[in-house]
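**Student:** Here are the chains, one letter per residue:
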Amino acid sequence: EAEVAQSPRYKITEKSQAVAFWCDPISGHATLYWYRQILGQGPELLVQFQDESVVDDSQLPKDRFSAERLKGVDSTLKIQPAELGDSAMYLCASSRGASGGLETQYFGPGTRLLVL
Amino acid sequence: EDQVTQSPEALRLQEGESSSLNCSYTVSGLRGLFWYRQDPGKGPEFLFTLYSAGEEKEKERLKATLTKKESFLHITAPKPEDSATYLCAVPLGGSQGNLIFGKGTKLSVKP
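The listed protein sequences derive, respectively, from chains A and B. In terms of this note's numbering, the first sequence has 137 at position 113, counting the first letter as 1, and numbering is strictly consecutive. In terms of this note's numbering, the second sequence has 537 at position 2, counting the first letter as 1, and numbering is strictly consecutive.
Simulated from the structure, these hints should not be mistaken for laboratory data. Since the model is a prediction, treat every value here as computed from it, not as a measurement. One or more of the hints may lead you astray.
[Claimed, not checked] Partial chain B-side listing against chain A, Cβ under 8 Å, derived:
1. P543
2. R547
3. G567
4. K577
5. G578
6. F581
7. T584
8. A588
9. L622
10. P626
11. S630
12. Q631
13. G632
14. N633
15. L634
[To be verified] Over 10 Å on every C-beta distance to chain B, these chain A residues come out as not near it, computed from the model:
16. V28
17. S31
18. T37
19. A42
20. S51
21. G66
22. E68
23. F89
24. E92
25. T100
26. A112
27. R136
28. L138
We put the beta carbon where it would ideally sit given N, CA and C, even for glycine.
Construct the complete structure from the given sequences, taking the supplied hints into account.
**Tutor:** Okay, here's the thing in structure tokens:
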């Protein structure tokens, strides 16, 4: 069964350092999402791509976060500089399309970030 | 404001003790509702999609139902391996895929 891949699984960094997360969606899935999940909360969308284009980045803190999906396949999410409040689980999900939010989103295992 | 509220926050059951989890939502023009299961330290795992009031879906010991204001996840004769956090989510009104998640219900099933 095809899965969403993410790396690294865990990342510990000091504040003001740069960090990057990688995601490889399920093959053939055109839509890719990055979510952030704080412990005890539900995931919150940071950015959504349709192929290589950004569809929604309204919740992305653009002063420190950036995301790209250059060839419309895998994607990288970067934080520079990291702050203590960025400690969270970063989840990548993919779906075949968007269809107004009705396509099933399949999640990867996540990257647990701890900022010291 | 679009919102999803889940209750209870935590639920402890004995093995075999059936119960229900609630997900209430306020969203303009509901287009669908999703249920996910999340184990500690892992990503959410898709369970069900419900599209309209009155719809029901089942998978093993789980049954999801939908009304115009809420959804229920019924767990029949749960086993310890059903222990997890159960999340529900709805598409944000007018969005292209932004899911609004509840905080989840943490279910513990004791043998």
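**Student:** Please go over all the hints and tell whether each is borne out by the structure.
**Tutor:** Hint check results:
| no. | hint | result |
| --- | --- | --- |
| 1 | P543 | violated, 14 Å |
| 2 | R547 | violated, 17 Å |
| 3 | G567 | holds, 5 Å |
| 4 | K577 | holds, 6 Å |
| 5 | G578 | holds, 4 Å |
| 6 | F581 | holds, 6 Å |
| 7 | T584 | holds, 6 Å |
| 8 | A588 | violated, 16 Å |
| 9 | L622 | holds, 6 Å |
| 10 | P626 | holds, 3 Å |
| 11 | S630 | holds, 6 Å |
| 12 | Q631 | holds, 4 Å |
| 13 | G632 | holds, 4 Å |
| 14 | N633 | holds, 5 Å |
| 15 | L634 | holds, 7 Å |
| 16 | V28 | violated, 8 Å |
| 17 | S31 | holds, 13 Å |
| 18 | T37 | holds, 19 Å |
| 19 | A42 | holds, 24 Å |
| 20 | S51 | holds, 17 Å |
| 21 | G66 | violated, 3 Å |
| 22 | E68 | violated, 7 Å |
| 23 | F89 | holds, 16 Å |
| 24 | E92 | holds, 18 Å |
| 25 | T100 | holds, 18 Å |
| 26 | A112 | holds, 13 Å |
| 27 | R136 | violated, 7 Å |
| 28 | L138 | holds, 13 Å |
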